[in-house]
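Undergrad: Chains as they are written, first to last, in this note's numbering: chain A, 46 to 157; chain B, 2 to 117.
Worth double-checking, as some hints may not be accurate.
[As the list claims (entries may be wrong)] Which chain A residues stay away from chain B? Per the calculated CB distances, all over 12 angstroms, these: (1) Glu90; (2) Glu102; (3) Ser129; (4) Gly140.
[Stated by the list, open to error] Computed cross-link-like contacts, DSS-like style, restricted to lysine-lysine with a CA-CA straight-line distance of at most 27 angstroms: (5) B:Lys37 / B:Lys53; (6) B:Lys37 / B:Lys72; (7) B:Lys20 / A:Lys144; (8) B:Lys37 / A:Lys87; (9) A:Lys112 / A:Lys47; (10) B:Lys10 / B:Lys68; (11) B:Lys37 / B:Lys20; (12) A:Lys144 / A:Lys47; (13) A:Lys112 / B:Lys68; (14) A:Lys144 / B:Lys53; (15) B:Lys41 / A:Lys87; (16) B:Lys68 / B:Lys20; (17) B:Lys53 / A:Lys47; (18) B:Lys37 / B:Lys68; (19) B:Lys53 / A:Lys112; (20) B:Lys42 / A:Lys87; (21) B:Lys42 / A:Lys47; (22) B:Lys41 / A:Lys101; (23) B:Lys41 / B:Lys72; (24) A:Lys112 / A:Lys101; (25) B:Lys23 / A:Lys47; (26) A:Lys144 / A:Lys87; (27) B:Lys45 / A:Lys47; (28) A:Lys101 / B:Lys72; (29) A:Lys87 / B:Lys72; (30) B:Lys20 / B:Lys72; (31) A:Lys47 / B:Lys10; (32) A:Lys144 / B:Lys41.
Just so you know, the hints here were simulated from the structure itself, not pulled from any lab data.
Since we're looking at a predicted model, the values are computed, not measured.
Here a beta-carbon is modelled for each residue, glycine too, at the ideal position from N, C-alpha and C.
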Amino acid sequence: QKEVEQNSGPLSVPEGAIASLNCTYSDRGSQSFFWYRQYSGKSPELIMSIYSNGDKEDGRFTAQLNKASQYVSLLIRDSQPSDSATYLCAVNPTGTASKLTFGTGTRLQVTL
Amino acid sequence: DTAVSQTPKYLVTQMGNDKSIKCEQNLGHDTMYWYKQDSKKFLKIMFSYNNKELIINETVPNRFSPKSPDKAHLNLHINSLELGDSAVYFCASSQGLGTGVSYEQYFGPGTRLTVT
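Next up, chain A with everything else stripped away, as it sits in the complex (with noise of 0.2 angstroms):
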């Protein structure tokens, strides 16, 4: 079992829609998770980090963490065609101080 999973995609919706994106975990004593978005040939850029479980809104982003199914999501309200990218989940795996593991990435493609 991969650490960190991700559909690999591509996922496509269309501009206005929302966009899903889901990533399980192994390791259940993690505590850290990020959403990093990266455009082709550009590095990560960090989206949001959650914490604790529930849902963190951030603009058009909200992040969703539930621990006990070890699963966190990003939802992106109001897709824009700019929003098309790979978008990584990362998970601070336990007692691993400040290492992230990397899921494969979800690319998305917002279509006119």
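Let chain A serve as the given structure and place chain B on it in line with the hints.
TA: Below, chain B alone, put in the same frame as chain A:
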């Protein structure tokens, strides 16, 4: 102002050569990292330094040697380059180690290394 910078942006070299990549951050962070992103876009940590002390050393060939002269700089030297070393290398930094949780990490623009 660039928060995390790397030089060079591109590096093309032949097998067997030795090369270095430099990273600098002006965020006042204590912790810096090197990541490797391979051709399949999988991002994996290689090393981490906190206040110039090595704290993470993943299973990386010893041809790779990081060095942190101070908190704001982290360099990566690679000896005897091999074809499989071709990848994009990202530097990142974070506020610190955190206690029980991990601080957010911010990435540099990357160095695309091509070994021919």
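Undergrad: Can you give the numbers of the hints that this structure goes against, from lowest to highest?
TA: 1, 4, 13, 17, 19, 22, 23, 25, 28 and 31
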